[in-house]
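Residue numbers (the UniProt record's numbering), protein chains in the order written: chain V, 1 to 420; chain R, 1 to 420.
Mixed in with the good hints, there may be bad ones.
[As the list claims (entries may be wrong)] Listed next, the in silico SDA-like pairs over lysine to any residue satisfying Cα-Cα at most 20 Å (straight line):
id : chain 1 : residue 1 : chain 2 : residue 2
1  : R       : Lys-91    : V       : Arg-75
2  : R       : Lys-375   : V       : Arg-75
3  : V       : Lys-375   : V       : Val-27
4  : R       : Lys-91    : V       : Ala-9
[Said to hold, decoys possible] A short, non-exhaustive set of chain R residues, derived as facing chain V with CB atoms under 8 Å:
id : residue
5  : Val-16
6  : Pro-17
7  : Arg-28
8  : Gly-31
9  : Trp-33
10 : Val-49
11 : His-73
12 : His-94
13 : Ala-177
14 : Tyr-293
15 : Ser-335
16 : Ala-336
17 : Arg-338
These aren't lab readings, by the way, just hints derived from the structure by calculation. Don't be surprised by glycine CBs; every beta carbon is placed ideally from N, CA and C.
There are 2 protein chains.
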Amino acid sequence: MSDLMARRAALLGPNVPTFYDDPVQIVRGEGVWLYDAEGRRYLDCYNNVAHLGHCHPRVVAAIAQQSARLNTHSRYLHEGILDYGERLVAKFGHGLSQMLMTCTGSEANDVALRMAQAVTGKTGLIATDNTYHGNTTAVAQLSTRRPPIGGYPPHVRRVPAPDSLAPLGGSTEAQAAAFAANVARAIEELEAAGHGFAGLMLCPIFANEGMPGLDPGFLDATVAVVHRAGGLVLCDEVQPGFGRLGSHWWGHERLDFAPDVVTLGKPMGNGHPVAAVIARPDIMAAFRNAFGYFNTFAGNPVSCAAASAVLDVIEEEGLVENARDVGAYALDLLSALRHPLIADIRGLGFFFAIEFAREGVPDGAFCGRVVEAAKARGILLGRVGRAQHILKMRPPMPFSRANAERLAETLDQILREMPA
Amino acid sequence: MSDLMARRAALLGPNVPTFYDDPVQIVRGEGVWLYDAEGRRYLDCYNNVAHLGHCHPRVVAAIAQQSARLNTHSRYLHEGILDYGERLVAKFGHGLSQMLMTCTGSEANDVALRMAQAVTGKTGLIATDNTYHGNTTAVAQLSTRRPPIGGYPPHVRRVPAPDSLAPLGGSTEAQAAAFAANVARAIEELEAAGHGFAGLMLCPIFANEGMPGLDPGFLDATVAVVHRAGGLVLCDEVQPGFGRLGSHWWGHERLDFAPDVVTLGKPMGNGHPVAAVIARPDIMAAFRNAFGYFNTFAGNPVSCAAASAVLDVIEEEGLVENARDVGAYALDLLSALRHPLIADIRGLGFFFAIEFAREGVPDGAFCGRVVEAAKARGILLGRVGRAQHILKMRPPMPFSRANAERLAETLDQILREMPA
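Just chain V, same shape as in the assembly (with noise of 0.2 Å):
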């Protein structure tokens, strides 16, 4: 392992992101399960990518019979693209019918705030703090937490997301008010700096805020004062699309409103580089003539061939009505957990958060020591919220009430042995 840290360390620089203290070599991945070098085995509780759970045999098949007979660029004409495109498109509403493909949903944002900007003809941005919208220099300006060269760009403002702990307008029921607010006034800001304004980007649940509790409706005040005020609102689904919520296909359905525009990423491919941005007729049309994009990968029949094995498995395995089912088993046990520093626990579907604070204050490092603990126990989960406080866990959908009791129980016992 120190090897390969080393080797790391001199072929990649520093500062290159892994997880946990001494991070593990996975060498085979399969269903819910990944495997170390050594032979342990982890129930992956983390990876959103691996939807189907890993290396899932129709995605497998699908991009080795497509490798074998034709992966070129999309400007010959291929049906696989359409084949494709046309089932995607036909699972969403609000007149969201047409497609761009990408390869990663960083490329899909970062066309999504230029979508904005070509509608409306101003640059004017608006995100949530403490958020990720991925890594290009367009998007990461959204949300860094380290300031630019040269500064962070005057078109784009941030504003704060719905927190759980500490709710916005001091309550859950004064929340959402106080969050269409305070885009009303980055708004007005953009406007009065000269930039205009051209959209929102915001992820329907606030995955990497840590997924505070919502109701319906939450954005149907912000939804408003955007399309009053000429904008956008554009929905990054990397995390909450393609069914992880159970209850619904796409996280903008759970709570009830319309996006303009929708980006997808992560688990589009099971792993193989792609993504998409899903728009209305008017918006593609604006950004297609004020943009020549090409992008030389996206949307090649090999990405499409995966993509859609993905679309069969998630509907012949009936994964979205497992993370209904099996997602609220796993939130009743997890609910069941008690520890004096869990601040609150919840979930949607496949996608659940365990919050962690010492007197309303967020506690990061506790959180830190549960996600270690569980990494010894076999057990892989992540951590996000703006002090990184909250427990992040979302399995592959194929995920199980065997593998949900599991999961549980491990937490159980690790913050029975964990003192306050």
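Fit chain R to the known structure of chain V by using the hints.
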């Protein structure tokens, strides 16, 4: 075909690029050949992504095997990225010993720009006009021919690219000094405007500008200007890299200069979405410490397996030597073409350019007719240059003498039948 075009328009929106007035529907690829839905075959002389030839069985097998074993992110340790990266950086000199993986050349260039900004603490960037370095917001700002919403960003300056037909400074001899002088002027402007100077990005063969004929040493004065000003030379090797030039593995080796950062893309995975940035350790550290960069799909074991197989095949099949030998043979054949509008015929390994001009004025329309006529005769070509007046030919690396003869004979027939 018209059915597919209608479906594309409905699904993808307007202004989505296709090749040809009547685009082909490609359904299968093998080696240097692409096959359409009617079983017609085309000699692919355009696509540098399928570097080893379409659907090379070694890459297909590598992708299939690794996809079945593990495909996850680089926050866990894995030997794949280390084995590949160590082998790749060993192919570079000039202290270029570290690697950052991305999924696309656009992402790689987007990172390279920020590397220059991290090292210098300045934001100013310079690129050649009429070039293309990718599709993210930041990278598209280098090269767009249509102004971005909100106007061209003031921290980006464009300088005229070297040109075979109308050399900078009025003559081939004066061109190198003139190019350097233009870069020096742009640096002064950036400094005067308060942005400071971070870096110059260029393709070392100026591929999108039509690969003007340039001698080794052409960039020496420019590199000196950039370094004297404290900036970095960012070398976009997405097109010339991986041995295409026959004489060298990398384009900068042919012009014999030392870039500070190199970006790689298209051919790297023979179609699998994988790309990279190669940099000196001091530069990588400055970037890694200034930005918290992570890319979900980049450097996953499948991408590394595909990219490793590409290196295997290039080496085992002697493809660089093939590009050198067959490239020289093909250039001889092409050089025998005669037509009143041919202004120049040039080539480097498996990268050929035929420039069309009418009394010194670029003739893009004629070049377009040649591309269409070649398609009708079963050969796929592209075009580039400030007036799209330069035939661009980048065949797969196993291109044979017989393939070269077919290309030259077909072009000869076309040109004989096409009045000036």
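For each hint, the structure was consulted:
1. R:Lys-91 with V:Arg-75: The given pair, whose Cα atoms are some 32 Å apart, is violated under the 20 Å limit.
2. R:Lys-375 with V:Arg-75: holds, 14 Å
3. V:Lys-375 with V:Val-27: holds, 16 Å
4. R:Lys-91 with V:Ala-9: holds, 19 Å
5. Val-16: Nearest chain V Cβ about 7 Å off; hint holds.
6. Pro-17: Constraint on Pro-17 (chain R) satisfied, holds at 5 Å.
7. Arg-28: holds, 5 Å
8. Gly-31: Violated. Min distance 12 Å.
9. Trp-33: violated, 11 Å
10. Val-49: holds, 6 Å
11. His-73: At 7 Å from the nearest chain V Cβ, His-73 (chain R) passes the 8 Å test, so the hint holds.
12. His-94: With Cβ-Cβ at 16 Å, over 8 Å, it is violated.
13. Ala-177: Violated, about 31 Å.
14. Tyr-293: Because about 6 Å separates Tyr-293 (chain R) from the closest Cβ in chain V, which is inside the 8 Å limit, the hint holds.
15. Ser-335: violated, 29 Å
16. Ala-336: violated, 30 Å
17. Arg-338: Interface hint status for Arg-338 (chain R): violated (31 Å vs cutoff 8 Å).
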